[in-house]
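Participant: Chain residues, written in single-letter form:
Protein chains: 2
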Amino acid sequence: MLNEALQYAQLHRDSFLTELKDFLALPSVSALPEHKPDIQRTAQWLAEKFTSLGLQNAQVNPTPGHPIVTAEWLEAGPDKPTVLIYGHYDVQPIDPIELWHSDPFKAEVRNDYLYARGASDDKGQAFIYAAVLESFMQTSGKLPVNVKLILEGEEEIGGPSLDPFIESHREQLTADVAVISDTHMLRPDLPCLVYALRGLCYIQVEITGPARDLHSGQYGGAIYNPIQALSEMLASLKDHDGHITVPGFYDKVVPLSEAERKILAQAPFNEQEFMQDAGVNGVWGEKGYTTKEQISARPTLEINGIWGGFTGEGSKTVLPAKAFAKISCRLVANQDHVEIAELLSQHLKQIAPPSVKVEIKRLHGGHGALIKLDSKYMRAAHQVLQQVFDHAPIYEREGGSIPVVATFQKTLGIDSIMLGFGLPDDNLHSPNERFYLPNFYHGIETVIRYFVEIGK
Amino acid sequence: MLNEALQYAQLHRDSFLTELKDFLALPSVSALPEHKPDIQRTAQWLAEKFTSLGLQNAQVNPTPGHPIVTAEWLEAGPDKPTVLIYGHYDVQPIDPIELWHSDPFKAEVRNDYLYARGASDDKGQAFIYAAVLESFMQTSGKLPVNVKLILEGEEEIGGPSLDPFIESHREQLTADVAVISDTHMLRPDLPCLVYALRGLCYIQVEITGPARDLHSGQYGGAIYNPIQALSEMLASLKDHDGHITVPGFYDKVVPLSEAERKILAQAPFNEQEFMQDAGVNGVWGEKGYTTKEQISARPTLEINGIWGGFTGEGSKTVLPAKAFAKISCRLVANQDHVEIAELLSQHLKQIAPPSVKVEIKRLHGGHGALIKLDSKYMRAAHQVLQQVFDHAPIYEREGGSIPVVATFQKTLGIDSIMLGFGLPDDNLHSPNERFYLPNFYHGIETVIRYFVEIGK
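Taken in order, these protein sequences are the chains called A and B.
Read in order, the letters of the first sequence are residues 1334 to 1789 in our numbering.
Read in order, the letters of the second sequence are residues 1334 to 1789 in our numbering.
No lab work stands behind these hints: they were computed from the structure.
Don't take every hint at face value.
Since copy identity is lost for identical chains, a pair holds within one copy or between any two.
To be verified - Straight-line C-alpha distance at most 25 angstroms; calculated DSS-like pairs for lysine-lysine: (1) K1439 with K1475; (2) K1620 with K1690; (3) K1682 with K1369; (4) K1571 with K1690; (5) K1571 with K1682.
Given only the sequences and the hints, what does the whole structure look like? Please build it.
Facilitator: Here it is as structure tokens:
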């Protein structure tokens, strides 16, 4: 069964790639209302794909937001484990579009990379499972394990639909383990097992000064400018040592043990390369922690966007009525995203000058997670990755957020094995997102071997 | 001659209003490139209008930017003064358009106000002169003074064309005095003579952090966020007492004398009304000065716009590559706008964190001006305003900028008499800009009387 599937996968690389390109051509941008019909078409495309693979009960489940696609195949028998496969079919917006070198929704191969929005995050990685299931079904007519699939369309917007759906479909989603490919390896030759994820708390701040935009020559100098107020508030959120100043922010953070700092320090990390990749001439972060720890094991606060007043070409002498910012925090284990959003909101209201009004909207939230290293499913992942990549996987804390991992733990009582095949320079959320094609094919091989291994 | 002109103006109020509406319907937004053809049409409309009034040499003069319209009538004789009439036919952008209650380019009368972009600033006020000239020419076939007209199309963008044009047409523009209607009265019953104007220095700041937008989960916490840097820089530009912290900023400011502070304090100014009009629950400005002084006699710094990162709907977890701000300073007599722009730029570069790049663009600049109170032309203005409004005019410092007043002083050696007929709540540069129609008609009467008075 293993060899036939591997051989099939090997022979069908081109058709897998062609199909992945079709999948990427659907502009499933979850953040923008104008793409709602595209999201629907993408979900439909997936359900039809799953059905054509021979899976059962493929469904586009409506939610108050974007639909969740489910399917299953449970004929491996009760002695075989049931694997819950999670992925997300939505993608980030494409702006600034002028910086893309090719159409973000017309996938293009250049030098072993496939360029498209969603190529790596997460359509390309999620599509690995379709290729794996096809490779088994077309050669053996069956799978080595029972599988359930769940693909959501709101990951990039932290949509509220997934958690209640999992809660209300607890029975239907019961499984022994979840597998997720939505993380990255450190290098093409260096596989990686993520065992910790950060949570996220994302808010929008609206500052209102005067009731309308004013002429800066007639009112300027005597009224608190909302952009000035917002700038002062944002500037005060970190001290000179990069510590976040929101009272209570660090209270529940589980401190990094010396032992864990040693494990993390073993992962290859080159600060020069990190700086080069980001295009900066220096790093700057929380004092007392290494750059590696800052971006993966410590909570952070970043301003994701800011706007207010006149932003067009030329000069308009306006004292604006409003200013806005988007702020998000990455959280670590034991920080509660609802509580942090509350602390941050209270603090912003407290530090605002009295003559402006502050309104806060919570846009997104998710808890962090820690996965136990010593389980049958982690050991099998270690073994298979070593076999495919000829290198033992590195254990990593991931800086990004996959809130569903915490939800699977909490609601279904299962750990998630994160078989990530992205690379650090995949340009996630940026122009020219890409997926390293050898990793796409290695990913297919890894998952084929993994399913056979845990199905033994 | 006086009575005939006054009577004609009285009888032709409706036709003047209809023509003004036509003028306002031309969307002459100078800041936006897409309106360039409209600017051209507006200049053409004016030249044709002047010709039809019986003026001579009406011309649309091309410049590297928007055209300057000139015309003249010099048959009053060498013993009569020559008056240079200045106005601007360009207007501010209309955004946010959703806050307008009627089409900004379809002037509408509601409760004695004419609502349209440019109604008060400055098309409505400039049109007063067309009505005045028509009233004389249609009744007496001549004017009581020699006139030269100059109307520019770059006032709202501080365009660079006007000063070189005046310089190179020095001979053609020679005059004894200039008159300008581009300021406002304090109340409909309280005329006002502006004797000081502030200068302006307007820059745009571009902060570059990483080379591209980054994923905040993978890079956040270890890289100086350009929005954070910009916020810190902007926040530091004023201290807790509202003083501007740019070194050297105040060095050349002529201090306010106690005598002048007394004159200024006599002008009616109600802080409660000011707050109510602006829609704020408190004022905030430079310590040691009254609100009235802050908005008219002291230099100021305002942030006019800010943008960077993700500003769309929803949440995008990006650590942006760039952040921008527009900053402008109002300057008082003896501050040089080029020097202040330089000081501000140097300071911003100095205070920026070392890991970000700062680029500054100068968008706009103009010098302030002081007009002598004791001249034949000021005295005549005082007398005529008192006659029309039945109240002695208040001497005022204007917070806004009319850079041409400094240019006329410097290049032509003449003072400008500012016969302003706007009102403080005309919503200049804001949605629902308006012009109080009784002031339009009073303005026509005032200028008719003024020309007869100085032509005696």
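Participant: With identical chains, the pair K1682 and K1369 could be close in the same copy or across copies; at 25 angstroms between alpha carbons, which is it: within, between, both, or neither?
Facilitator: neither (34 angstroms within a copy, 44 angstroms between copies)
Participant: Given a CA cutoff of 25 angstroms, do K1620 and K1690 count as a within-copy pair, a between-copy pair, both, or neither?
Facilitator: Between copies only: 23 angstroms across chains, 33 angstroms inside a chain, cut-off 25 angstroms.
Participant: Should K1439 paired with K1475 be assigned to within, between, both, or neither, using CA atoms and 25 angstroms as the limit?
Facilitator: neither (33 angstroms within a copy, 71 angstroms between copies)
Participant: Using 25 angstroms as the alpha carbon limit, work out where K1571 and K1690 are close: within a copy, between copies, both or neither.
Facilitator: Answer is both: 22 angstroms inside a copy and 20 angstroms across each meet the 25 angstroms cutoff.
Participant: Given identical chains, is K1571 near K1682, meaning Cα to Cα at most 25 angstroms, within a copy, between copies, both, or neither?
Facilitator: both (16 angstroms within a copy, 21 angstroms between copies)
Comparing the model with each numbered hint stated earlier shows that hints 1, 3 do not hold.
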